[in-house]
Amino acid sequence: MKQWYTKLVEIKRKYHALQSGNIEDALISPKIKGIIAYNRWDGKEGITVVVNVNDEPVNCRLRTRFKGERVEVYDVSSGEKFEGDPENLEVEVPAYTPRILVEERPVEVEIRKPKEKFLYIFDREILPFFNTIIIGKVTIGVDASDEDGIERVEFYVDDVLKYTDYDEPYLWHWDEFAMGWHEIKVVAYDNSGKEGEDKINVMIFNW
Numbered sequence: 001m002k003q004w005y006t007k008l009v010e011i012k013r014k015y016h017a018l019q020s021g022n023i024e025d026a027l028i029s030p031k032i033k034g035i036i037a038y039n040r041w042d043g044k045e046g047i048t049v050v051v052n053v054n055d056e057p058v059n060c061r062l063r064t065r066f067k068g069e070r071v072e073v074y075d076v077s078s079g080e081k082f083e084g085d086p087e088n089l090e091v092e093v094p095a096y097t098p099r100i101l102v103e104e105r106p107v108e109v110e111i112r113k114p115k116e117k118f119l120y121i122f123d124r125e126i127l128p129f130f131n132t133i134i135i136g137k138v139t140i141g142v143d144a145s146d147e148d149g150i151e152r153v154e155f156y157v158d159d160v161l162k163y164t165d166y167d168e169p170y171l172w173h174w175d176e177f178a179m180g181w182h183e184i185k186v187v188a189y190d191n192s193g194k195e196g197e198d199k200i201n202v203m204i205f206n207w
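This note's numbering applies: residue 1 is where the sequence shown begins, and numbers increase by one.
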């Protein structure tokens with residue numbers, strides 16, 4: 001019980017919408033005892049909370065404040081994901097359980113080196129070019145951030161995993177035989193399992 005209470009306190013601190021004064025009923029159905037559902041929001045985010053104090057699971061339909069024809073949301077207390085119409089979102093709530101639903105946000109990740117349409121010679125940025133051209137070895141540099149913290153960043157060439165970095169700065173020194181066009185892709189994972197990716201096509205001559 002103490003662990004659960006501590007987690008709820010952490011969630012409330014993390015999501016400012018839970019601290020705002022804005023609140024409205026979110027429950028469409030079922031209108032039965034033991035089910036409470038409401039929306040909380042501020043200028044930046046919205047959150048839907050649904051609580052089941054019955055002794056069996058209940059399928060609830062909720063009218064949320066999430067935007068779009070279809071949304072993907074996740075329960076920050078369990079990590080489970082739900083997808084559907086934000087104005088008629090179906091969510092199963094286990095017995096004696098709250099769900100705290102937030103909109104799924106991808107991890108922010110960007111390849112900052114090499115830059116698109118620049119020439120690089122032996123790891124040095126030379127000048128803007130008509131394509132991204134690399135001569136010799138190059139260091140792949142990545143910026144990654146997320147409110148849950150970054151767990152790791154994976155570096156791929158043509159969908160083949162080459163390196164995994166667990167600490168900032170996120171870098172990989174690409175120094176192996178490579179000729180012609182290749183795709184560099186990076187995938188960043190946060191501490192809750194979400195991910196984001198970025199990619200760039202480059203022409204490289206390294207022998």
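In case anyone wonders, no lab produced these hints; they're calculated from the structure.
Treat the hints loosely; a few may be bogus.
[What the hints assert, rightly or not] Restricting the straight-line Cα-Cα distance to at most 27 Å, the calculated cross-link-like pairs of lysine-lysine (BS3-like) are:
| # | residue 1 | residue 2 |
| --- | --- | --- |
| 1 | K115 | K44 |
| 2 | K81 | K115 |
| 3 | K115 | K137 |
| 4 | K162 | K67 |
| 5 | K117 | K12 |
| 6 | K31 | K81 |
| 7 | K12 | K113 |
| 8 | K117 | K14 |
| 9 | K162 | K194 |
| 10 | K137 | K194 |
| 11 | K137 | K185 |
| 12 | K185 | K14 |
| 13 | K194 | K14 |
| 14 | K12 | K81 |
| 15 | K113 | K14 |
| 16 | K117 | K67 |
| 17 | K162 | K137 |
| 18 | K33 | K117 |
| 19 | K162 | K117 |
| 20 | K113 | K67 |
| 21 | K185 | K44 |
| 22 | K199 | K185 |
| 23 | K33 | K115 |
| 24 | K194 | K12 |
| 25 | K14 | K31 |
| 26 | K117 | K137 |
| 27 | K117 | K31 |
| 28 | K115 | K67 |
| 29 | K81 | K67 |
| 30 | K194 | K115 |
| 31 | K115 | K14 |
[Said to hold, decoys possible] Pairwise CB distance ranges, derived in the manner of DEER restraints:
| # | residue 1 | residue 2 | range |
| --- | --- | --- | --- |
| 32 | E10 | D158 | 38 to 44 Å |
| 33 | Y166 | N22 | 36 to 42 Å |
| 34 | Y166 | S20 | 33 to 39 Å |
| 35 | D159 | P106 | 18 to 24 Å |
| 36 | E80 | G141 | 42 to 48 Å |
| 37 | E197 | G68 | 51 to 57 Å |
| 38 | D123 | Y38 | 52 to 58 Å |
| 39 | N54 | P106 | 33 to 39 Å |
| 40 | P169 | I121 | 18 to 24 Å |
Just so you know, even glycine gets a beta-carbon here, dropped at the ideal spot from N, CA and C.
Violations among the numbered hints, reported as their numbers in ascending order: 1, 2, 4, 5, 7, 8, 10, 12, 15, 16, 18, 20, 21, 23, 25, 27, 28, 31, 36, 37
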